[in-house]
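2 protein chains.
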Amino acid sequence: MSTEILDKEDIVNNSEFLKSLVTKIRAYDSYGAWAKFSDLYLLKPFIKTKEEKKKIDAHDDVDSKTLGLIRVFYEAIAYVIEQKTNIFTTTAIDISHEGFGRALIYSGNIIILEKTLRDVQKFGFGSFEKMDEEGKRSVEKAIKNVEKFKEFLS
Amino acid sequence: MSTEILDKEDIVNNSEFLKSLVTKIRAYDSYGAWAKFSDLYLLKPFIKTKEEKKKIDAHDDVDSKTLGLIRVFYEAIAYVIEQKTNIFTTTAIDISHEGFGRALIYSGNIIILEKTLRDVQKFGFGSFEKMDEEGKRSVEKAIKNVEKFKEFLS
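Residue numbers (the working numbering), protein chains in the order written: chain A, 1 to 154; chain B, 1 to 154.
Keep in mind the hints are simulated off the structure, nothing from the lab. Bear in mind that the values here come from a model prediction, so they are computed numbers and not experimental data. Hints are supplied without guarantee of correctness; some may be wrong.
Just so you know, same-sequence chains aren't split out, so a pair can sit in one copy or run between any two.
Restricting the straight-line Cα-Cα distance to at most 25 Å, the calculated cross-link-like pairs of lysine to any residue (SDA-like) are [to be verified]:
hint: 1; residue 1: K148; residue 2: F88
hint: 2; residue 1: K150; residue 2: G124
hint: 3; residue 1: K55; residue 2: A27
hint: 4; residue 1: K115; residue 2: T91
hint: 5; residue 1: K36; residue 2: R118
hint: 6; residue 1: K36; residue 2: D119
hint: 7; residue 1: K53; residue 2: F152
hint: 8; residue 1: K84; residue 2: G108
hint: 9; residue 1: K8; residue 2: E147
hint: 10; residue 1: K148; residue 2: N109
hint: 11; residue 1: K8; residue 2: R102
hint: 12; residue 1: K65; residue 2: L117
hint: 13; residue 1: K54; residue 2: S38
hint: 14; residue 1: K144; residue 2: N109
hint: 15; residue 1: K65; residue 2: H97
hint: 16; residue 1: K136; residue 2: Y31
hint: 17; residue 1: K36; residue 2: K54
hint: 18; residue 1: K115; residue 2: H97
hint: 19; residue 1: K36; residue 2: F88
hint: 20; residue 1: K55; residue 2: N109
hint: 21; residue 1: K65; residue 2: K84
hint: 22; residue 1: K148; residue 2: Y41
hint: 23; residue 1: K50; residue 2: T85
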């Protein structure tokens with residue numbers, strides 16, 4: 001195994017968010033078909049280089065695979081929020097076939113995370129580190145909202 | 001024109017909600033192709049008898065036409081709320097291809113209407129009156145939330 005791969009494994013193993021993302025991905029594997037795949041392999045579809053993104057036409061319709069990646073990404077954020085705050089959340093994703101929309105994580109009447117999404121055909125992160133940062137930043141933002149609206153959340 | 005049709009026209013003309021729904025539907029008609037269609041004609045796809053609903057298989061995938069009806073229905077509710085409360089809202093619809101999901105109308109961090117949707121393949125109302133009632137009831141519910149969360153809404 002190359003050093004590069006080992007480093008990426010370290011990133012995943014040291015990231016609460018990326019480990020949660022893997023947990024959520026594996027939860028979709030009702031038939032155990034992905035059991036043989038490594039965590040890194042399962043996270044790879046979330047990584048897109050600038051060159052790869054350039055090749056994707058944002059005028060094409062969004063495919064269901066990309067929608068699935070976006071959904072599980074925000075579900076993983078919600079999962080970490082739930083573990084840290086003990087509130088129950090719902091994740092809603094509304095994306096037009098043109099690739100524009102939003103991701104919402106809410107609890108009761110309170111939206112604790114709203115993210116506008118554009119050109120979702122190109123959804124992906126430049127590296128595992130960048131994906132981890134985006135996840136962590138979203139969790140932190142949401143937790144601030146949980147504190148702000150504490151009286152309305154149970 | 002039959003008496004039955006005249007009565008339905010009266011229902012639409014006397015309903016703030018149904019008139020708003022027609023306004024929102026016509027807003028999608030960028031090319032003016034529906035200008036020749038009556039309000040009643042545009043509202044007809046929202047009406048489904050029990051027999052018509054029975055014939056629809058809720059195991060089929062949801063078609064884009066039905067998704068469009070659901071979206072514009074909740075956008076019309078949001079439109080009436082905006083007119084009555086002077087707050088700016090966003091409508092989000094998240095429906096799985098199995099026909100389960102939710103409609104959300106929110107403003108800032110506050111969800112002012114959340115509606116769980118099931119078997120949306122069968123989305124429709126038994127009559128214009130029933131559709132009007134559902135619209136009005138949703139608006140009233142949302143306005144109560146606007147009052148409850150007034151301090152967080154602008």
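### Query
Is it within a copy, between copies, both, or neither that the alpha carbon of K144 lies no farther than 25 Å from that of N109?
both (16 Å within a copy, 12 Å between copies)
### Query
Are the CA atoms of K8 and E147 at most 25 Å apart within a copy, between copies, both, or neither?
neither (33 Å within a copy, 50 Å between copies)
### Task
Go through the copies and call it for K50 and T85: within, between, both or neither, with a Cα cutoff of 25 Å.
neither (35 Å within a copy, 45 Å between copies)
### Message
At most 25 Å between alpha carbons: which applies to K148 and F88, within, between, both or neither?
### Response
both (16 Å within a copy, 21 Å between copies)
#### Entry: Within, between, both or neither, where K84 and G108 count as close if Cα-Cα is 25 Å or less
Classified as both; 17 Å inside a copy, 23 Å across copies.
### Message
Please sort K53 with F152 into within, between, both or neither, judging by C-alpha distance up to 25 Å.
### Response
Classified as neither; 41 Å inside a copy, 38 Å across copies.
### Query
Is the C-alpha distance from K36 to K54 at most 25 Å within one copy, between copies, in both cases, or in neither?
neither (32 Å within a copy, 44 Å between copies)
### Query
With identical chains treated as interchangeable, where does the CA-CA distance between K36 and D119 reach 25 Å or less: within a copy, between copies, both, or neither?
Neither way: K36 and D119 sit 32 Å apart in one copy and 35 Å across, limit 25 Å.
### Query
Given identical chains, is K115 near T91, meaning Cα to Cα at most 25 Å, within a copy, between copies, both, or neither?
Both: 11 Å inside a copy, 14 Å across copies.
### Query
Taking 25 Å as the upper bound on the Cα-Cα distance, should K54 and S38 be classified as within, between, both, or neither?
neither (28 Å within a copy, 46 Å between copies)
### K36 and F88: within-copy, between-copy, both or neither at 25 Å Cα
Answer is neither: 31 Å inside a copy and 49 Å across each miss the 25 Å cutoff.
### Task
Pop the pair K150 and G124 into one bin, within, between, both or neither, using alpha-carbon distances up to 25 Å.
neither (32 Å within a copy, 38 Å between copies)
The earlier numbered hints that this structure contradicts are 2, 3, 5, 6, 7, 9, 11, 13, 16, 17, 19, 20, 21, 22, 23.
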